[in-house]
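K.L.:
Listed in order, the protein sequences are those of chains A and B.
Note that numbering that gives the first Met the number 0 has the first sequence beginning at 0, numbered continuously upward.
Note that numbering that gives the first Met the number 0 has the second sequence beginning at 0, numbered continuously upward.
Derived from the structure by calculation, the hints contain no laboratory data.
Bear in mind the structure is a predicted one, so any value in this text is a computation, not a measurement.
A virtual CB, placed ideally from N, CA and C, is assigned to each residue, including glycine.
Treat the hints with care, as some may be off.
As the list claims (entries may be wrong) - Okay, the calculated bits of chain B under chain A, using three or more residues with CB under 8 Å as the criterion:
id, stretch
1, 111-120
2, 142-152
3, 194-200
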Amino acid sequence: MRRWLVLLLLPVAYGQSIGTPASVARGDKLFAQGCSVGYCHGAGGSAARSQRLRGRTFEREYLIKVIRNGIPATAMPAWGDRLTDADINDLTDYIQSLATAPINVAGGPSTEAPVSLPAEKSVDTPEEHRRGRELFFDLTRESRCSVCHRLNGNGTAVGPDITKVAAIKEADGPQVLRYGRPRTVRTFVLKDGERFAGVPAERTASKTRVFDLSATPPSLRSLVNTDVQSIQRQANWRHGNVVRGYSLEDMQTIWNYVRFVAAKK
Amino acid sequence: MPRFVALFAAATALFAQDGATRENWPHYGGQTSAWRYSALDQVNASNVSRLTAVWTFQTGDNEGGLQATPIVVDGVMYVSTSHNRVFAIDAATGRELWSYYFQLPKGFTIFYGPWNRGVAVADGRVFLGTLDNHVVALDAKNGRELWKVNVEDANQCGCNITAAPLVVKGKVIVGVTGGDSAHRGYVNAFDAKTGRQLWRFWTIPGPGEKGHETWTGDSWKSGGGATWMTGSYDAELNLTYWSVGNPAADFWGGNRKGDNLYTDSVVALDLDTGKLKWHYQQVPHDVWDWDTAYENVLLDLPVNGRPRKLLLNVNKGGYTFVVDRTNGEFVAAWPLVNNLNWITGVGPKGELLGRNEPVVGKSKIICPSIGGGRSWNQGAWSPKAGMFFTTGIEWCEDVVAVPETPKEGQVYFGGTFKLTHKPLKGEAGGHLGAYDPVTGKRAWLYEYKYPLLASVLATAGDVVFTGDAEGFFFALDATTGKKLWSYQTGSGNRGSAVTYSVNGRQYIATPSGWGSALAGLLPQIWPETERLRSGSAVFVFALPENGK
Numbered sequence: 000m001r002r003w004l005v006l007l008l009l010p011v012a013y014g015q016s017i018g019t020p021a022s023v024a025r026g027d028k029l030f031a032q033g034c035s036v037g038y039c040h041g042a043g044g045s046a047a048r049s050q051r052l053r054g055r056t057f058e059r060e061y062l063i064k065v066i067r068n069g070i071p072a073t074a075m076p077a078w079g080d081r082l083t084d085a086d087i088n089d090l091t092d093y094i095q096s097l098a099t100a101p102i103n104v105a106g107g108p109s110t111e112a113p114v115s116l117p118a119e120k121s122v123d124t125p126e127e128h129r130r131g132r133e134l135f136f137d138l139t140r141e142s143r144c145s146v147c148h149r150l151n152g153n154g155t156a157v158g159p160d161i162t163k164v165a166a167i168k169e170a171d172g173p174q175v176l177r178y179g180r181p182r183t184v185r186t187f188v189l190k191d192g193e194r195f196a197g198v199p200a201e202r203t204a205s206k207t208r209v210f211d212l213s214a215t216p217p218s219l220r221s222l223v224n225t226d227v228q229s230i231q232r233q234a235n236w237r238h239g240n241v242v243r244g245y246s247l248e249d250m251q252t253i254w255n256y257v258r259f260v261a262a263k264k
Numbered sequence: 000m001p002r003f004v005a006l007f008a009a010a011t012a013l014f015a016q017d018g019a020t021r022e023n024w025p026h027y028g029g030q031t032s033a034w035r036y037s038a039l040d041q042v043n044a045s046n047v048s049r050l051t052a053v054w055t056f057q058t059g060d061n062e063g064g065l066q067a068t069p070i071v072v073d074g075v076m077y078v079s080t081s082h083n084r085v086f087a088i089d090a091a092t093g094r095e096l097w098s099y100y101f102q103l104p105k106g107f108t109i110f111y112g113p114w115n116r117g118v119a120v121a122d123g124r125v126f127l128g129t130l131d132n133h134v135v136a137l138d139a140k141n142g143r144e145l146w147k148v149n150v151e152d153a154n155q156c157g158c159n160i161t162a163a164p165l166v167v168k169g170k171v172i173v174g175v176t177g178g179d180s181a182h183r184g185y186v187n188a189f190d191a192k193t194g195r196q197l198w199r200f201w202t203i204p205g206p207g208e209k210g211h212e213t214w215t216g217d218s219w220k221s222g223g224g225a226t227w228m229t230g231s232y233d234a235e236l237n238l239t240y241w242s243v244g245n246p247a248a249d250f251w252g253g254n255r256k257g258d259n260l261y262t263d264s265v266v267a268l269d270l271d272t273g274k275l276k277w278h279y280q281q282v283p284h285d286v287w288d289w290d291t292a293y294e295n296v297l298l299d300l301p302v303n304g305r306p307r308k309l310l311l312n313v314n315k316g317g318y319t320f321v322v323d324r325t326n327g328e329f330v331a332a333w334p335l336v337n338n339l340n341w342i343t344g345v346g347p348k349g350e351l352l353g354r355n356e357p358v359v360g361k362s363k364i365i366c367p368s369i370g371g372g373r374s375w376n377q378g379a380w381s382p383k384a385g386m387f388f389t390t391g392i393e394w395c396e397d398v399v400a401v402p403e404t405p406k407e408g409q410v411y412f413g414g415t416f417k418l419t420h421k422p423l424k425g426e427a428g429g430h431l432g433a434y435d436p437v438t439g440k441r442a443w444l445y446e447y448k449y450p451l452l453a454s455v456l457a458t459a460g461d462v463v464f465t466g467d468a469e470g471f472f473f474a475l476d477a478t479t480g481k482k483l484w485s486y487q488t489g490s491g492n493r494g495s496a497v498t499y500s501v502n503g504r505q506y507i508a509t510p511s512g513w514g515s516a517l518a519g520l521l522p523q524i525w526p527e528t529e530r531l532r533s534g535s536a537v538f539v540f541a542l543p544e545n546g547k
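Chain B with its partners taken away, still in its complex shape (with noise of 0.2 Å):
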């Protein structure tokens, strides 16, 4: 038996890539697998309880809160706000190295908020998307601007750049929002020493191109298919992986009939050319505003005894994809969240079962609302603890299908809607859960009043960290969901923490600063929580260095 083990744990770590974080945190996902899971394991359930403040960040920006992910490279954090403001810290101290504002046009509308969702360092720069469309590289020593470029027009598009870009090879690859406004979506990317673009990859295929067919009419033109997460990369295949958001109009398709690829979907393309190599899409001719949005987590793990490449993602839908990221086939899906009610299930092909569509005119409750049955805050995979660990909400809405004329850059719902007070199921509220990543099969569940908002970190000390609505940045057992540790902040938390080590000594890192579209819908179901107070702030830990 132990024989074994020791065997099939030789094998795995044979097929099995490296995911895990050290001294760094150098990517939006932590590596480019998008893990979120440390190796660092200095802090652990031992001793964790005795975690202390080391230093806070008050970045000066409380509009939109503090959604960022801090990224960490020898010594010096990288964090951006709202507003694209950036700033170099010193890791171990706090001091303020540079900071850089991005200058947006004057009387500037901004779309859909100001937060930023980090930035991307590579090779001494750093890379920021902007509310106006640019992508700009800076000078990592001094916060100097390199270049920028204008991607399109803020104002005619209706979108702009609020996630992390990714950063590989010398390449910059960066999405774009505006899946609820008539727009059509893509992946850009661009050489980080020039700005120059490389290539595009339209998220709606065009006239002649392969997938044109599951569009009616001009449909394509304003259909969405926004990429508003970062992507991922698997350096021995090759590929990027991007999640493209819901089909415009959101809450109806009369004039988009089909399956309206390439929305709803994970496209795998070749780095070097941006060219597909495959895609899954896990929502045909959506109608909620089902987003495949989330990040795309890359873990290699064995299925009824054969090791699998597997890729892993979180549908705004409730549910979870599992599909194999050398060439899409589907492996498995499962449902994070009890208030589910716009499929009955997903078939033994990834097929939807029993679709319960919005209708025109007439309302109709559909779970989970619109906000998603999680939102973007990311999950951990922890390949020690062999768990994914991922936030969901329960909570359900009122919906009504409203016909609509798509204007270029213009909001494009097609519906209206209003959260419902109570789920189909037991109360409304969130959770954070661990599941086996390919059954769904779950270990343990902490509940929470309100939605979690902030993404999940998982360490090599077996612990996992995040923090609520209310200004509690926590960690738990990975093994039990055991509370072992708070602290009060002073606002929520809706960024996601990372960690890192600066001459040996770890420490756990957490925006704090409430805010975001999701966290201004929730006064709908729970009124008190407008009086959440907005922050922005990055709070950092370790263990007292006297040791006790």
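Isolated chain A (complex conformation) (with noise of 0.2 Å):
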């Protein structure tokens, strides 16, 4: 009888035991610029593309693990570089709230602004090497360095290290990005009489893949070795030809930036 009394008290209590109505109430609001938006959780965790949350019983500890860390492989993000703890304790806080919420929501959709994230998430960079960031990744160039080289996660790795080569290189930029002409590109001549420019990026007894510089972004290929006529060490391939839709001002600021990340690893 006691046993049983317990039981049906549990849900009660569970329900009354999270959070403040302060901290829900935050939660609520954080969720709607967060994660109620688009086609995810829906609004009050009705449902959406991913699953509903109201009506549902969560662990605190895995509401936790997952907004911080995100769920990999999935369209659940990690929070973790984006709210504090103090946001995710609240969020966490109203997301349990909904465990005893009817799974209609009352009301119309939230008025709440979208949660403002951070523009950048891996390395801040300051005011004075913005613009080279944006130029470095600007997505509305079809020739942009990050076509070809990968700074802080981001990026193609088809040429080496950017930040290693600007860390030693004491040259004036912009003559490096016009007229280097790397040693890591290739002449490639296939048996049907293809040529092209290319950098090797793996090589096993029966095949080759290797990034084809002719048009951006690079394609890589996989080639059997028996198509391959020779690899020649003479490349016909300028660095200069792919960055032209820089200024010179805008390759000194892109290696001013390059160098302040190599400067910060």
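Fit chain to chain and form the complex, with the hints in mind.
P.N.:
The structure is reproduced here in structure tokens:
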């Protein structure tokens, strides 16, 4: 009898033990700004692309972990670098408060402005290098640095680790960018007569993977070795041809930014 | 009278292109004209009730369901699943020939969802777009990777590729998602042999380009314009037609004053150069998320006695637009759904009348809902029936516009929404109708309690196939809409059925597997739909071999 009573009271007690009205209210607001947006969790966690959160019970530790780290290989992002511990705590309070909520949300959609996220996740860029960063990753240019260089976890690593290059070169940056002839570029000659400049990525007994530099972005081709006539050390490829969209001033700005990142490493 | 009919038929045949499929289902939309119509008639209205399951292929990846269109070439079926897996299957027996699993970077966050809507196959190669924004070419014989290109860093752009590529004349043409992120869309063409990019068409003109003046400030950099469904191609005109999605932010346009070209437009591009030949904008300055995203059906029909080369496109807002595909001239527009209040109508020149826009900070009922008067699941054009068969959805939403600052690659919605339980007219639900493609005059309507989210297949056997949320794949009589046959596939249908033949036997194949962003929204109106089970399998049917 006593055990039965405890069991009966448990959901109520559980519901009451979660958060304070203030933290739940703050979590509600954060949820509206970051979690119910777009096709994500829906108004009040009512279900959308991702599962319904209303009327469900989650362990606190699990919620904190998922909010902070996300769920890899799904659409749930990691919020750990965008929200404070207090934010995550309040958000967790709010989601747990939904355990006893009816599945249907009362009222209209939220009028909260979406949460303000920091523009950059991995490295803080000081004001004087923001422009360089923008130019490096500028998606409005088809021929941008990040098409061939990976920096701070973004971009494609076709070319070498650029921070190493930038760190050792004391030379005039734009000069290097315009006239440099990277040693990693080769000329590939195929048996069908095709010829192109490429950066070898992988070579096994049977196949060769190579970044074809004929167009932007480079295509990573997998060639069967028997189709390859020769791979020549000389290449008629110039870095200057792919950075033509940047002005000399742009190049200097980019160079300064890359050197800044290199120094930070 | 019969002579007149014969003459008319001959005249029609003279200018009509043949967009019907036969043994193969070579392209996403059947042929590049996107009819989703097959000339095969072994299975027809008189015998479809005897269809029997011949094989089932389980892909093993249920997340997000199965949204693909199988491609069938010379007895081999190519299917892509969630997480960029590709299977080559013997189309007569269901035996797996090879599989390919694309490796996503470790810890990668998937935007939008894990699904993929199909591959393209040509010249012994299979082409796939990926969740981290690569285009990949495989050897059709063994699934070996031939090349891959990273179009943009997905982490940065907040975009990826879920649509099937279009391959014609050695060119792989691929769109991109990202219309609800701060991103600038495009269409790219790659060389099928090498993967080299041949051209790019930006869906939002840059500084100095015509149309750039339809954006204010820097809004063009984050204005959306995704090309998230597969385009069409007219060989005679050498034009490829792509639909450009909504401008971002979706519900708020305060910082992008102007028409916002070429969002919500059909663009006709020269296949060889990617240069814009013409555009037709359906919704200038969209603030409802009314993508022009869906299939471009290329059909030849007389309009007012004059043969016309037409392009039909269903807009997400529930209106169907018909234009002249040689020059983009407006021909007609007709509504697909009853619940439609964002405009009062479309004028004689295609102009939108009585715009009813979301308001900042105040809720408003808008119909259809953000899910659309129809989803991306394609309709079918049967030249034999003279009908365009398409699904439609009756539903509304409560929406609030919210000013927002764009952040590159991040969700950029400009508002929030909630589906409403009762639409303005009748009950919320879905339907499949038969329409005159130019006038929109409806011959019949098949109604269903939930949205119908699978594509439609039409055949010369006077049968129309589609599937529902509860897992029934079914056949309707093309002339009456009467249900002739159905089969329970065990999971809701969200993909696109196809038909093909091997050694003279006609097969009907359908993906089964419930999922997608839209399927996830359904419980806001129908709570019980969250219990609809996911799945991922291809079911294949044929008439019994002994002819009984």
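K.L.:
I'd like to know which numbered hints this structure contradicts. Please list them from smallest to largest.
P.N.:
none
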